[in-house]
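Build the full structure now, drawing on both the sequences and the hints.
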Amino acid sequence: MNTIYHELFKAIHQGKWLTIEYQNSHGEITRYWIAVMDLDIKERRLRVQGFHLTKHTLIQTSIYLDQIITLKVVEGTIAEVNERLIQDIYENPGKYRQIFPDSVNLKILDYLLECHRLDQTPFVKQNTLLSHFDQDVFINEEATLSKPQFLQVVSFLIHQGQPSPISSQAMLLQSLALNVISIPYDQGLYVLAYRRLDFDVSKRRFRLGPLTFLRENNLDGIKVSIRQFLSPSDYWLLDEKEPDLELIRDKITERTGKGVDDLPHLLLLENLFSFDLSKEYEAINQMANADRLSYPLKAFFGQLLQSPASTKAVPLLLTHRNLNRDQLLAMQSALTKTLTYVQGPPGTGKTTLIVQTIITCFTHKKRVLFSSNNNHPLDAVYQQFEKLKYHNQAMPLPILRLGNAEVMDKTLDHIGELIQSALKVKVLKEVLKRKLENRFEETKQLYYLLANYQKILDIKERLKTIEELLNQNEQFHFHMELQHQREVLKKKLSRLGEVRDEVLLDLLPKDQNDFFQYLYKMRAGEPTVLTVG
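Under this note's numbering, think of the first position of the sequence shown as 1, with each following residue one higher.
It is worth saying that the hints were derived from the structure and are not from the lab.
Incorrect hints may appear among the rest.
The calculated lysine-lysine pairs, modelled on DSS-like cross-linking and capped at a C-alpha distance of 30 Å, are [claimed, not checked]:
hint, residue 1, residue 2
1, Lys350, Lys460
2, Lys389, Lys365
3, Lys491, Lys203
4, Lys95, Lys491
5, Lys365, Lys350
6, Lys72, Lys298
7, Lys298, Lys337
8, Lys337, Lys365
Rendered as structure tokens:
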């Protein structure tokens with residue numbers, strides 16, 4: 001993936017504006033900012049909102065990928081995210097392979113790069129004051145800019161946003177912030193506390209992030225620590241959930257004899273990395289495109305895991321209807337997946353689940369081996385099968401309970417009795433087969449609802465994890481990404497609705513006597529052996 005497509009991918013997924021050099025059909029080269037609204041991969045065309053950097057006007061237009069000369073994310077900006085496009089890229093990677101050859105892996109690498117970024121201590125490259133602007137203008141963490149303020153921010157980003165000259169092995173990432181507490185220093189401004197800013201270009205407003213403290217800073221190559229301005233006994237003030245900023249200012253003034261700078265400076269922060277991971281990630285992408293990934297990298301991206309072949313949906317046929325949606329979901333998984341793991345404390349219905357799954361397997365002529373490392377679950381399942389009867393006749397479901405010689409003798413005698421009993425049963429195979437086939441539409445709907453229920457469970461688990469991460473981490477960009485993911489998942493959850501037990505059970509056979517007749521006669525005609533031991 002070349003740099004242009006990489007930056008485009010980031011802008012689409014992270015909601016960022018891009019600065020672009022573009023050659024039109026007349027050969028003229030123009031430079032402006034764009035926010036991607038949609039992507040037509042067949043026409044290789046972007047539908048964008050464009051911001052003219054000279055005329056300061058917003059327009060909606062289309063541009064072609066092949067006429068882009070340069071493209072780069074404008075750090076500190078935010079744009080509206082097209083969730084439908086992101087979902088389409090995720091669900092149909094082959095459709096976008098010509099520009100995003102490995103979109104899932106690229107998202108992983110971008111996430112790791114962002115984590116690496118958050119681990120670094122930023123420093124202030126430039127600062128400026130906006131006229132008639134301070135923290136009090138924010139309402140619900142947002143502030144609308146006047147036209148002069150807006151143009152000043154744009155100019156600040158254009159002229160000051162060029163990365164500082166650094167070693168070819170290093171990398172700089174920039175962001176905007178609002179000063180809260182700074183300390184004047186010989187080499188510049190030591191920013192102790194700031195709030196990140198996201199610049200919404202189309203709506204001409206700032207979005208304010210959480211308060212962040214910097215315990216050390218880099219001023220003109222000199223590392224400066226908070227120890228020079230605040231007593232160690234007062235460090236706890238920086239760890240409070242709602243820090244007392246006035247008290248912190250007083251403590252700094254008391255220790256240094258100097259005042260602090262709490263003017264609302266617009267800050268351009270830079271994160272300096274001694275090693276440019278983006279180059280390493282680009283090399284990994286190139287190896288992936290050429291199918292030359294090493295085995296550790298293939299394993300990391302899950303390429304060594306072979307997906308099991310899909311199994312045809314089969315009707316769930318139960319001896320009773322006292323199962324809930326979680327048990328039905330586990331049954332469906334056991335019948336269609338290579339491996340299913342079910343966990344639950346005593347009394348949650350694991351034995352019932354096992355018996356009903358085996359019954360369904362019997363009905364569809366699947367071979368079953370049930371084993372355990374102790375006797376209790378074996379006996380529990382065996383006893384439930386022994387209780388199955390049709391018109392007071394034992395079900396011809398031969399169970400071989402392996403054990404000592406005495407147990408084996410009893411088992412063989414029981415099998416003989418069942419076979420003799422089964423030979424006397426008149427079996428109408430075609431009638432029974434049609435009864436099973438008539439369950440196709442109900443089964444299709446049942447599996448569809450169970451698949452939705454699985455998605456609901458997955459989304460709820462992810463939402464729970466996101467809430468825990470939000471409570472544990474206060475990094476601004478990490479917070480913004482998590483909040484964005486949370487809203488996307490909540491919308492998906494709302495679209496899926498609710499899957500209730502009674503709706504699922506209504507799609508199962510209602511005539512239990514009819515099923516018992518089917519189970520008895522079909523198995524009498526073709527006895528199946530279940531081995532327990």
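Earlier hints that do not hold, by number:
none
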